[in-house]
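Q: Each chain is listed here by its residues.
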Amino acid sequence: MVGEGAQLYTIEGVAAAMIMLLTAYFVVNATAVYTGGDTHINDMQLEILGKDVLDMMDTRPNGTVEKSPLRLIIEEDRADDFRTAFVAMANNRTVADADRINFAAQYFYNNRVTGTIESNPLSSSRDLTGGEHAVRATKWVIVTKELPAGSGFVKDRAVLVEVLVWRD
Amino acid sequence: MARLNDSAQWIILMGFLVSFAIFFLAVVINQSTVVGQTTAESVLEFPKNDIRNIRAVALETSGIADEGDRLIVVEDITSIAQRRTHAIVSLSFVPADTRMQVTIHYNNGVTEFDEVWISP
Numbered sequence: 001m002v003g004e005g006a007q008l009y010t011i012e013g014v015a016a017a018m019i020m021l022l023t024a025y026f027v028v029n030a031t032a033v034y035t036g037g038d039t040h041i042n043d044m045q046l047e048i049l050g051k052d053v054l055d056m057m058d059t060r061p062n063g064t065v066e067k068s069p070l071r072l073i074i075e076e077d078r079a080d081d082f083r084t085a086f087v088a089m090a091n092n093r094t095v096a097d098a099d100r101i102n103f104a105a106q107y108f109y110n111n112r113v114t115g116t117i118e119s120n121p122l123s124s125s126r127d128l129t130g131g132e133h134a135v136r137a138t139k140w141v142i143v144t145k146e147l148p149a150g151s152g153f154v155k156d157r158a159v160l161v162e163v164l165v166w167r168d
Numbered sequence: 169m170a171r172l173n174d175s176a177q178w179i180i181l182m183g184f185l186v187s188f189a190i191f192f193l194a195v196v197i198n199q200s201t202v203v204g205q206t207t208a209e210s211v212l213e214f215p216k217n218d219i220r221n222i223r224a225v226a227l228e229t230s231g232i233a234d235e236g237d238r239l240i241v242v243e244d245i246t247s248i249a250q251r252r253t254h255a256i257v258s259l260s261f262v263p264a265d266t267r268m269q270v271t272i273h274y275n276n277g278v279t280e281f282d283e284v285w286i287s288p
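Chains C and P are the protein sequences, given in the same order.
Just so we're aligned, residue 1 is where the first sequence starts under the working numbering, counting upward by one.
Just so we're aligned, residue 169 is where the second sequence starts under the working numbering, counting upward by one.
So here's chain C without its partners, still in its complex pose:
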């Protein structure tokens, strides 16, 4: 007669082997997730906020055919107006204390004389140190302006306003 008392020990041994193999598999297969799944949500939020502020600044008053505030700011180089409007709109909150959002803005234009893309500074709420974790918000604006300055070429031009937005 064949004794079957050892069958149970065999099954136990197989199960233990599986657990050890699985453990080894998990250890070897483990990936280091350097950034969690919700890390970029702040960035997304900040980018949308910057975009919304630029959209508001580029909205004509009451749907008239007048020029939008953003267009006038670029055409007339009113850096202070840009800073005031951007800081006020970006930092406005429903609670009493203001947010701590800062920005650095410039706009890019196509230099038709040299055929290169050049930038003009608009304004910034403080100087960039390089340590900011900034996101970029952009907005196309059509302006009637002499670009580059001194070229005597005044036409409707498309410029790209780029704002780096970060929270201190």
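Everything labelled a hint here was simulated from the structure, so no lab data went into it.
The beta-carbon is built from N, C-alpha and C at its ideal position, and this holds for glycine as well.
Don't take every hint at face value.
To be verified - Cβ pair distances, simulated, as ranges:
(1) A194(P) - E118(C): 50 to 60 angstroms
(2) L181(P) - Y25(C): 16 to 26 angstroms
(3) S187(P) - R136(C): 45 to 55 angstroms
What the hints assert, rightly or not - Dumping the calculated DSBU-like pairs for lysine-lysine here, alpha-carbon to alpha-carbon at most 35 angstroms:
(4) K145(C) - K216(P)
(5) K216(P) - K67(C)
(6) K155(C) - K67(C)
(7) K155(C) - K216(P)
(8) K67(C) - K145(C)
(9) K155(C) - K145(C)
Assemble chain P onto chain C, guided by the hints.
A: Chain P in isolation, oriented as in the chain C frame:
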């Protein structure tokens, strides 16, 4: 030799079953972080704002009456978009009666967008 008392073996086997269940739960939690990262990254990389910006400026450009002036603006958009947003943009404007047909093409190598818009 006396026979071994092995009646507790079943309890140990049940213990193994429970530990397997915990292993599988650990796998689920492990994978969920990776999935979350991928989702947030792909949302950030999708050029939603770029496309909306291009669309808005294209529609605004269609309001410029003179064809030569319009071409200057289109050239500005095309060259700045290529340099600053790394995207190929091409816009064409075909007037028909009082309307304007605007064809927008956007491609940044990953996402492509095409639209034909007719002004009211």
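Q: Now look at each hint and say whether the structure bears it out.
A: Taking the hints in turn, this is what the structure says about them:
Between A194(P) and E118(C) the CB atoms are about 55 angstroms apart, so this pair conforms to the stated range of 50 to 60 angstroms. Taking 16 to 26 angstroms as the suggested C-beta distance range, the pair L181(P) and Y25(C) conforms, at roughly 22 angstroms. At about 49 angstroms, the CB distance of S187(P) to R136(C) agrees with the hint of 45 to 55 angstroms. With a C-alpha separation of about 29 angstroms, the suggested pair K145(C) and K216(P) falls inside the 35 angstroms cut-off, and the hint holds.
Distance hint between K216(P) and K67(C) is fulfilled; the C-alpha atoms sit about 26 angstroms from each other, no more than 35 angstroms. Under the criterion of a C-alpha separation no larger than 35 angstroms, the hint pairing K155(C) with K67(C) is consistent with the structure, at around 15 angstroms. At roughly 29 angstroms between alpha-carbon atoms, K155(C) and K216(P) fall within 35 angstroms of each other, so this suggested pair holds. Proximity of K67(C) to K145(C) is assessed by CA-CA distance (about 13 angstroms); at most 35 angstroms being required, the pair is judged to hold.
At roughly 6 angstroms between alpha-carbon atoms, K155(C) and K145(C) fall within 35 angstroms of each other, so this suggested pair holds.
Checked against the numbered hints above, the structure breaks none of them.
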